[in-house]
Amino acid sequence: MNIFVCIKQVPNTAKVKWDLERGTLIREGVESICNPFDLHAIEEALRVKERTGKGKVLVLTMGPPQAEEVLKEAISLGAEDGILISDRAFAGADTLATSYTLSKAIEKIGNPWIIFTGKQAIDGDTAQVGPELAAMLKIPQVTYVRKIVEINENNAVMERLTDYGYDVVETSLPAVLTVVKEINEPRLPSLRGKMKARTFKPVVFTPRDLDVDESRIGLQGSPTSVKKVFQPEMKKGGEKFEGSAEELALILVEKLKELRVI
Amino acid sequence: MKYFLSEEELMVKELAHRIAEEKIIPVRQKYDEEEIFPHDIVKIMAESDLFRVFIPEEYGGLGAKIFPMVLAVEELSWGCGGIALAYAGTALGAFPIILFGSEEQKSKYLPKIAEGTLAAFALTEAEAGSDAANIKTRAEKDGDYYILNGTKQFITNAGEADIYTVIALTDPNKGARGATAFILEKGMEGLEFGKKENKMGIRASVTREVIMKNVRVHKSQVLGKEGRGFIVAMKTFDHTRPGVAAQALGIAQAALDAAVKYANQRYQFGKPIASFQAIQHMIADMGTKVEATRALIYSVARAIDAGFTSPKESAMTKVFASDVAMEVTTNAVQIFGGYGYMKEYPVEKMMRDAKITQIYEGTNQILRNVIASRIIKEAK
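Order-wise, the sequence lines are chains A and B.
Residue numbers for the first sequence follow the working numbering, beginning at 1 and rising by one.
Residue numbers for the second sequence follow the working numbering, beginning at 1001 and rising by one.
Treat the hints loosely; a few may be bogus.
Stated by the list, open to error - Covered stretches of chain B, going by a simulated chain A footprint (3 or more residues, C-beta under 8 angstroms):
id: 1; region: 1227-1234
id: 2; region: 1273-1281
Said to hold, decoys possible - With a straight-line Cα cutoff of 20 angstroms, these simulated DMTMM-like cross-link-like pairs (lysine to aspartate or glutamate) come out:
id: 3; chain 1: A; residue 1: Lys15; chain 2: B; residue 2: Glu1127
id: 4; chain 1: A; residue 1: Lys201; chain 2: A; residue 2: Glu80
id: 5; chain 1: A; residue 1: Lys196; chain 2: B; residue 2: Glu1022
id: 6; chain 1: A; residue 1: Lys49; chain 2: B; residue 2: Glu1047
If you're looking for bench data, these hints aren't it; they were derived computationally from the structure.
Note that CB positions come from ideal geometry on N, CA and C, so glycine has one too.
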């Protein structure tokens, strides 16, 4: 049984600067990191393995050759193996092409038990790849998982975070679970893990290694196109009033009258 | 300064630094004030394999080296000298076994320490501090066993550690030559611990008495040979004093970092105080001494790992580093001025933590005797 974790190398958006004239990110010189939500996904995969004594933690990423770094990071944390899906033909993929490609890689390796992803990546913020992946693989999905309550080979009960609290959800396995940061605190790497990572070379999948329809990968497999990237205008601070409820009600009515709302 | 660390050494340093930054610094003030023993941080250190760096590979370690241990202690102490001591004190408890343990003793204890089981070393007694040969703890032979009686004082990690190296007299008539080292385990009948001492600094570390009341110890627990207890102790210190020095170095570096940051932020007379020469010269001296300390410790640690162990040089690291730590932390408080005296800022704690490094594992006065006697002897 394999516990897959799909991870993504992203620019450290905390340190990204904007090219205001062009409305794009300045990527040059910005360090690349493992998507922070994916670190929680890796951690949860390791915890499931430790808790049940079952499963092999396999980490997958699609990206340029340097995306190998995030696989190494996962190895240093305790993942057993890492697969890099990398080829020029995969470049320019949107979430649809990405999830299609990932699903093909998972099918090729086979025997999935759980497929973890972070709830979203901090660069695109779409939160689409997890759900799309489940659809491609025709298996259930549970998004925004904040706790795995019970898990065995065939079923899992978990809590998923909502705007108002949480749902308790049961699902059959295999399933795709996307996790929120509340689920755990990622561990630090170990020295032995780092030493293993230092010499680690991932298996690389190209389109030839996967049973893919070439029209569904990379740029040509991507129906999404970005029309415009812009920085929204900063909201100006509103007016602030203090006083008793009656006083404030009167001020509010006056203001609404001024605006001809009432 | 460039120290040309190997890739492995750099890994140890960076990982320990990360633990200090992400796990230790957020809790250090609380643990200091409330005297909380850092079991949670010890677990993180263990999971990160930091305990393995000073344990031989055949026993689950990564190579019984002093240098990576020194790097780990330095970085952990940069976070908190007290929390780091759970780790450094364990190294002190482990080295007698690493250096003098039988194959059986090593396979019994070292894999556990590699996994993060804490250890301690017990030599000091109420009447035997600098005058270590004046210990009174007795170990009387009884067939295949020894019966231990006595009280060890100021023992780091006591009560929290599972493995203890204890020095006791097997032949009181022979003085220092009548001492023997034993490995004791927590849980042995008659092995008790005194109350936790309320200390000036390193308050996240525990210091207790180790009390032995007719503790029956099998002869297989003797470390080295009977009568070699002080040799075990002295050779151990030769290996671990750079560790205490590294603790002092980490504290000093932290105080320097805090002082420089503060000097850039604090405005007086319309300028950051870092622009005043009075402050600049203090910073220059602090930085120079910290770097000199590091250069000395790293050199000695590397020499030990290469097989050149010298009591003189190990003592030098401890004396120099601890005096620098006291000076640098005191000056850091001075640069912070009134704020530095307040517990809201970290430097007063660093000053309190630094003080112990001049006292334990041989007071600096006793160690100066060691250094001087060796230098004078070498010149003859």
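- Between lysine 15 of chain A and glutamate 1127 of chain B, does the CA-CA distance stay at or below 20 angstroms? violated, 59 angstroms
- Task: Below or equal to 20 angstroms on CA atoms is what counts here, so check lysine 196 of chain A against glutamate 1022 of chain B.
- Result: Violated, at roughly 23 angstroms.
- Straight-line Cα separation of lysine 201 of chain A and glutamate 80 of chain A no greater than 20 angstroms? Holds. Lysine 201 of chain A to glutamate 80 of chain A sits at ~12 angstroms (cutoff 20 angstroms).
- Message: Is the coverage entry for the region 1227-1234 of chain B by chain A consistent with the three-residue Cβ rule at 8 angstroms?
- Response: Violated - the region 1227-1234 of chain B has 0 residues with a Cβ nearer than 8 angstroms to chain A, which falls short of three.
- Message: For a C-alpha distance cap of 20 angstroms, please report whether lysine 49 of chain A and glutamate 1047 of chain B respect it.
- Response: Within the cut-off at roughly 16 angstroms; holds.
- Message: For the region 1273-1281 of chain B, count the residues whose Cβ lies under 8 angstroms from any Cβ of chain A; is that count three or more?
- Response: violated (count 0)
Of the hints listed earlier, those the structure fails to meet are numbers 1, 2, 3 and 5, in rising order.
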